[in-house]
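Keeping their order, the protein sequence lines are chains Y and F.
Throughout the first sequence, residue numbering follows our numbering, covering 20 to 1048 in sequence.
Throughout the second sequence, residue numbering follows our numbering, covering 88 to 572 in sequence.
Heads up, a few of these hints could be off.
[Unchecked claim] Straight-line C-alpha distance at most 25 angstroms; calculated SDA-like pairs for lysine to any residue: (1) F:287 <-> Y:751; (2) F:289 <-> Y:551; (3) F:289 <-> Y:738; (4) Y:716 <-> F:562; (5) F:287 <-> Y:587; (6) Y:379 <-> F:485; (7) Y:379 <-> F:194; (8) Y:716 <-> F:189; (9) F:287 <-> Y:738; (10) F:287 <-> Y:480; (11) Y:549 <-> F:305; (12) F:287 <-> Y:595; (13) Y:154 <-> Y:751; (14) Y:379 <-> F:305; (15) F:287 <-> Y:526; (16) Y:521 <-> F:276; (17) Y:126 <-> F:305; (18) Y:555 <-> F:305; (19) F:287 <-> Y:455; (20) F:289 <-> Y:523; (21) Y:738 <-> Y:298; (22) Y:521 <-> F:220; (23) F:197 <-> Y:322; (24) F:206 <-> Y:317; (25) F:289 <-> Y:526; (26) F:289 <-> Y:590.
No lab work stands behind these hints, which were simulated from the structure alone.
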Amino acid sequence: MNLLSYCLKLILLAITLGVPFSLCAAADVNFSRDILPLLSDRCFHCHGPEPTHREADLRLDLREAATADRDGTTVIVPGKPEASELLTRITSSDADLLMPPPDSHRKPLTKKQTELIRKWIAEGAKWGQHWSFEKPVKVAVSPQEKSQNPIDVLVQRRLTEEGLTLSPVTTKQTLIRRLSFDLTGLPPTPQEVEAFVNDPSPDADAKLVDRLLKSKHYGERMAMWWLDLARYSDTDGFQQDATRTNWPWRDWVIQSFNKNQAFDQFTIEQFAGDLLPGATPEQKLATCFHRNHMTNGEGGRDPEESRIDYVIDRVNTTGTVWLGLTLGCCQCHSHKFDPISQADYYSLFAFFNSIDEDGKAGGGAKPYLKFKSPLVTRAIQEAQQVVDERRPLEAETRKQAEQAFEPWLAEQIRFVEQGFTAWHLPQTRSLQSVEGTILTQEADGTVQASGPNPRQEDYRLTAATNLARVTGIRLEVFPHVSHTEGKLSRGASGELILTDVKLQVRRQGSSQLRDIEFATAVADVEKTAKGRNYGKIKDTLDDDPRNGWTTEDHDPKQKHVAVFALAEPLVLDDQEELIFVMLHRSTEGDANIGRFRVMLTDQPGQAVRSLDPMPLEALAAVKTTEVSKLDPKLKARLLEQFLVDHGVYQRKKTELDRANAQLAQVKKAAGELNVMVLAERKEPRKTFVLERGVWDKHGAEVSRSVPKAVFPLPQEKTKDRLDLARWLVSDQNPLTARVVVNHLWQICFGEGLVRTPGDFGLQGEGPTHPEVIDWLAVELMEHNWDLQHVLRLIVTSRTYQQRSEVLPALLERDPENRLLARGPRFRLPSWMIRDAALQASGLLNPALGGPPVMPYQPAGVWAEMFMGRFRYEPSQGAAQYRRSLYAFWRRSSAPTFLFDSAQRRVCEVEPRRTNTPLQALTLLNDLSILEASRELARTAIQQETTVPARLELIARRILSRSLDARERAVLERKFQLSFAHYQKQPEDALSLLDVGQPPNKRNVAADELAAYMVIASMVFNLDEAITHE
Amino acid sequence: MNEQLRQRAFEVSRRYFLGRGAGVGLGAMALGLLENMRRAEAEKPPAIGLPELPHKPPRAKNVIFLTQSGGPSQIELFDDKPGLMKWAGKELPESVRGGQRLTTMTANQKQLIMPSRTKFKRYGESGATLGEWLPYHGEVADELCFIKSMVTDQINHAPAMTKYLTGHQLPGRPSIGAWSSYGLGSENRNLPDYLVLISKMKRPSDQPLYDHYWGSGFLPSRYQGVKLRNAREPVLYLRDPDGLPRNVRRGMLDGIAELNQMRLEQTGDPEIETRIRQYEMAWRMQSSIPELNDLSDEPESTFELYGPDSRRPGSYAANCVQARRLIERGVRFVQLFHPDWDHHSRLSSWCVARCRDTDQASAALVKDLKQRGLLDETLVIWGGEFGRGVAGQGKWDSPEGGRDHHPRCFTTWLAGGGVKSGMTYGATDDFSYNVAENPVNVRDLHATVLHLLGIDHERFTFRHQGLDFKLTGVEPSNIIKEILA
């Protein structure tokens, strides 16, 4: 009986009985499969390649050491289990002798496992290497098997041993959907499905695969894979998280895949494009791969420490992506399990240690390549188009608004006939000080401080107002005889320092306060202050006691005045009151305002952003009764004020402003960009082993060389990065090809043949089908590292084309589908889900490359994280509908809709495939999906006339198949329910439809559109819609 | 390899049994009894972490971590060194400095000693010393356990905070809250196990609060902290769009469930069963989470206790009230972040401002938990990523003076949850520069917190990229036995 199947049964038995799972004994003991993992897991920690933790000077990873005579005892005597100390120790009942020692927290060996070791020793303790360090070879196949796809031959061999067979081939609809997602990351269109289903030719599959591999979207799909491994990001990461312009490298990756560049060349250019003879700009561009790590610009950090971090990141990324080895362990010590020493690690480090960089971030992260991207032109055209579309809309609403201006102006003239009062006293409800100052209000609203004069003090004025709205607050400060020398305060100098002001709203009976934001602050005078110091009035808005307003340097015996503009007009009801807080919290204090008055206004815009007379004040002053006689300048100011309050116009203006801002941004990308690349410095740096991995603790000096356990090269062949790259993709290298084909397998099956794609070492999992991974690895190398060749081999196999439906018995037998007796079924990555929604709705903008775009994400995410330093503005127009690949990637805040993406801080290769309520919420409420639902609903209504036909269209666009009767019944019922709701509540329909960008044409009834939008959103949320079936 | 097999098999089985144990196995589902399922879901016993946990009887059920980001100055707040007055303005002896790295902000400046900018007072029966900027802390001093000998090896904010919260200076490891959530789960079915609250501040902070501080690293993402935003949408994507009322949403979800149910019958993939459940959980979160931000049912006395700032939603003080409410609702781990403790300049106004934000509410939280009988089972942790140096940054004797980062000693305090009250553990030298006795590494603190939760940090591991990772890392770490009640 096959070992693995027996094990699986045991697992199931263990599950059912609740007993611990244990490995089984088997007929033939295979060292690398059965014994090495046990030794590695239980013994190598103390008796492995790593010297510092080694106990009893014993190594069990080397045959010579393990079989050597040690003063009369021998750990392993081949053929003689009884004479082997190893067996005595792992079976001992004496806790002091037992291995692994109970206090090591390693799991004790089970009886089955010790039996296995006994058997292995008895059979001669045949040694070997860990499987992935052996050169891959193709297993023999019979002549009749040769005509079949080798994957199927080898998978079926296993299944036959298990008494299982492949599942039937899936439907053609599912197959084209599966292939389209795997090879282009997009679902097929209904027409493509139709054509494929109706193509009876025997090579229909092959033609389809060829078409997909030739699609320009193939390169995008593969690039998304590569960008995650490459930890590609549009920003540095860390504290400053500055923007970089490395996106031309991303486009290089897409183009390389679309050219089907051989993987060895792809590797060589990314490692050493700059060292190739006659290197082209594109080849230099390729080396950006090894500059995609995070860079740290934190103030106070030693740049050399950062530089060392970057080099380490390159070594670790190389280990994970090409070798499938967890080299990171060797940064601090020799690998505990794999035959890689710390010296090996720093010898690899040496290849990357002489880059002409100095550890800086932001704009100082040399070396750079000056690169002009040819892909910006289209982006500029798109951005220009948005401006061109919005400009006439803005102009038109402005014209409409201006028509309403004249009557408004006439009304204002009448209104100010009796004069105009700009500032109004609020009705004071209470006046408090926190530290004990006595505040007394006089009849004209002026407040005088007296009594104690604490060093620091807060004043709190609570007041109500009859104004219909509040747009600004004016603070007047006065000199007074009771102050020091009759100046502005009772402090030693008589000067004032107001550090901060706050405005809050309180509703009567509520325990809660609401913070009100100020937009600007202006004052008649302020002290000239440099840096963080006391002077400017605007510094009273930042809640920072280290700066604030003072009128020092100006006449302290004069009244001074400041005006604070609210960010939004504030409308209070009669239950609400205002709280205005004045903080005097300067470092030295003793500068509390002595006499002041607070007043409010309802005038908008510039009226509260300067101290000039407000437009209506000016209008009152000229005492005109006829509009025609007004000074044009004053009229212009009045118009401006009128427009500030014109909601419809403001909306159009904001839309135009955004489009203009986007255009300006995109135009910046048109010039020469700095792309971070590799280049050697003139003087190579020396490389040392870093003790315990600490950046400035130098150990022995090392030179460039490659780990010999993988495969050795003489020193003269390991001079530079070019040599390193060639070593990686040499056909002598046992790891790279296996690791790469495993990634390709993972793309198509959701899981690799090795399910720890970043760890092919002793602590990683073994392959589920060793013969398949080896076959494909050899095939890749024999075919000149042609990735498409291997992909084609995978996706045209019967194994790949199986149905994914599973019967309970098989599910129970093989819950994780390790035997491949059925097709893979797994949730699509979130980026594909979004792209699929864009495609299904017809919104997708299929353009290739260019500067990054900003898909919708909830407002405030960046602002919260960076306390306002960065703001996220969703892209306008066609740029919004680009594929997720082009989404701007802020390292410290990955796009929120990509709920399962790699974080791109360091290289990540394992899929993240969780299933959480937060994902459900994202798919239900993400603007991209909602807008796609609306547009798909519109198409359904426009193209079809009956309810069933419309539902059918939605299903075929999203699911690539027709509905069955039961499904149609559910959707029809749901449609009728929501339609009834929106007919009753048309305003709900209008607000639901108001998501994302307004459509170009709106020739559909709102209630119906909303009801179908609900249905489309439902279908987008079905398990099937987001699943690789 | 066999280990992996075992672990995966185990996870698969657990998922199955959870489904079947609740009486919603494939058969029952086939009947399409969605309403029943929903009820069964609500009545189901809570998800409770790993079956082998706790390893030992827990002393604390919940944790509230009051994270003070930026590096609060132990010299002004906790670590009274009256002897420093006579050193004022003198150069820090090299024997004390012992080659300590400085950030490049002060590396080229003379290390002139700046004595504490505050006066200290003794409080309570324990006689704890506290700087005058923390008067409310004084009122609860007898409830607190001050660890004055905290040590880290990181000197810059992001690496130090990453280490303080995840055990390692580079991003990528799970945070302590994620580990707790993974190991112990939570009793609340309608809320995440691990919630994060960040003070709303006006000033742009120099230290962003990265989401990896509460991330799940290599643990499955469901264990990551969920940030409760102080916004119209407290959790991202929680709000349904305008114009989609609850009854329409319910109808949609029923339809999705019904269709997913059919798909489940066709494919037999148990993942669909989980998805149906997660959509139901999403529905419940849509009502349970917005309720959290509504403090209107709190009596006036709460706001009096936590101070005037607690009336401002999003403030640190309001978040302290919130933290207590979350603990009452069974959330396992609540983490607050208060930014802007990085006082390189004008310490005596800047640091005071952060103390005023936090002092009363931190103390009130301890008092409030005690009054409600929750302090015994709730561990409160207060601290930042490192301390501050004894030398002045800028002129030591000018108002502009501040302090640079200092990793070799800082103070963290704990309260409740099985920790001795009214005690001080560890001490620093006369300069508050080096630890003089009982050093506590970040990993020791982590080991102790896990111990209080009933978890043996040595045995609490997760296999990732071929290694068994644990919160406390590879260097030996010790539970601080002396502070256990």
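Which numbered hints are broken by the structure, listed smallest first? Those not satisfied are hints 1, 3, 6, 9, 11, 14, 16, 18, 19, 24.
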